[in-house]
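Novice: For the record, the sequence lines run as chains G and L. The first sequence begins at 826 in the working numbering and counts up one residue at a time. The second sequence begins at 780 in the working numbering and counts up one residue at a time.
These are calculated hints, taken from the structure and not from any lab test. Be aware that a few hints might be false.
To be verified - With a straight-line Cα cutoff of 16 angstroms, these simulated EDC-like cross-link-like pairs (lysine to aspartate or glutamate) come out: (1) G:K1259 <-> L:D882; (2) L:K844 <-> G:E1088; (3) G:K1009 <-> L:D842; (4) G:K1075 <-> G:E1088.
This one's a predicted model, so the numbers in the text were calculated from it and none came from an experiment.
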Amino acid sequence: MRRQLLLKDINVPGIQFYDVYRRQGGYTAVEKALRQMSPEQVTEEVKLSGLRGRGGAGFPTGLKWTFIDRKSGKPVYLVCNADESEPGTFKDRYLLEHIPHLLIEGMILASYAIGANTAYIYMRGEFRWIFPILERAIEEARSAGFLGNNILGTGFSLEIYVHPGGGAYICGEETALLESLEGKRGNPRLKPPYFPAVMGLYHCPTLVNNVETLATVPSIITMGGVEYARIGVGKSTGTKLISASGHINKPGVYEIELGLPVEEFIYSDEYCGGIWKGRKLKAVVAGGSSVPILPADLILKTAKGEPRLMTYESLAEGGFQTGTMLGSGGFIVMDETTCIVRNLWNFTRFYHHESCGQCSPCREGTGWMEKVLHRIEHGEGRPHDIDLLDDVAKKIEGKTICPLGDAAAWPVSSAIRHFREDFEYHIKYPEKVKNPKHFEIEPLVPRRHLETA
Amino acid sequence: MNTEVKHSSTFSPATLDLVKRIIARYPAGKQKSALLPVLHLAQAEFGGWLSTETMDYVASLLDIKPIEVYEVATFYTMFNLKPVGKCVLEVCRTGPCMLRGADEIIEHIERKFNIRDGETSADGMFTLKTVECLASCGTAPVMQVGDHYIENLSCESLDEILDRLRAQQEQKAS
């Protein structure tokens, strides 16, 4: 077994309760930080750790903490982004449900570092059964003296509240989340001026961090940032939770050391356990539905022929021409019977449904793409449609307030780039594709990618 | 919080007390932040959906304008704006669930009750509501019923699950 930081105690019976969590060494990082370290030292350890935001953007966490305006005289807020909605991602839910104190401990550390006395956990409303779990854990932590006034007699105070979302993917975007937390529609804000670190919740300095990011902080404080940075490869330090789904033998949440070869992750019995039903791999969406899809050969090896690793850099190797992104770690595997067009139509319908409607390129463009993909998939495609799709995607990308536009465009551009034959097949054989299981009946053998001499 | 509000039914005293505690989680004057949590309470207490009257009631409780409630209630998909059956089957339709058979699950429910997405069975028991990713892709296909997810669905297990849900509702009613 490899090194685990987040999930090492996940199977300890009763770990969701304070007593057991404490017995396993829980809250010692809070004791260490509050008693022996200044807020700046806590931030410094996080910077040294090289931890990058685990929600998908991969931005250096310690650096983000230093952006908080501490001289404004306004209250500072910490908001935990537990709106986990990126298709293919279900790791935060696993932590929230099974080891809530790890998140609370991380939130205490982050709040101490940035000077926040109030923190909110914005959790997607669908996780109804998790609300009592978190609320109970918060009460336990308060009874034990780790929340409330004057924590451990240090003068530092913190309250944590849980806040439900209402079912809107866009609220995972941090400024939309803050709008939502203020009781409004989840329309993302313009940056500038609404950088959360300066003008966040109630126009006060606000740090928004993902569940997994915050849950990693106790380990960093315990072991030290330098030691944490020894795990992983290069700028991809530490461990990462990967949500594995789709056509594999063992779907689930896995904690990996960054740097694990993709091939090993897919085929080893320790992780995904290979492709189900003895089938072959066709494609992978490696970081949640928004990142570019890659065909089997390019997910296993880079275009240069080097083994692809589970790191931010290796997955991005080759740019969008031949690479993708680690994103949220939502690893969706597709076997040889998968219809790329059908899957893309499904994802595009998702983005159309979830567009907040603020920017016309996204509001209209996602709808157009859904419509065109619907007709291609249902045997009514026209020869011009593939280029039309590509064109619409390009006209959304980079032209919207928030990244949802890019997230909707990238899957389309990449699917056409790597699987053009899938689209052409649909236009050439409209009768065959009217059966939704067309590629189960007759798998389309993907073209050999990047064939060189 | 103004509790002297005209609504054909008002929150129970226990819920009103909870509403007060929820409002206290946010800074003074920021009671609008309590809107999503209170709408969830309202939907649960007033029959599984939000009528205009209910939304007006919530607006007055939070001392905000009714339009501020309408614009939020219509934005978030968890809120039902028309009556629903006793059991709402919120079936995930997004990619990872589709890869493992969500289309068949949805078709099975449509055929079984002769309904389409968004409709309620003739006996008023089941509403089919397809939803986007529920963050349960590792146990796909999945649907949410009330407070819980029902995971690793198959057409075979579905009939049994629906029978059980019906029995639970009938027991609750009697």
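Novice: Now look at each hint and say whether the structure bears it out.
Specialist: Verification of the supplied hints:
no. : hint                : verdict
1   : G:K1259 <-> L:D882  : 15 angstroms, holds
2   : L:K844 <-> G:E1088  : 56 angstroms, violated
3   : G:K1009 <-> L:D842  : 14 angstroms, holds
4   : G:K1075 <-> G:E1088 : 15 angstroms, holds
The structure fails hint 2 only (numbered hints given earlier).
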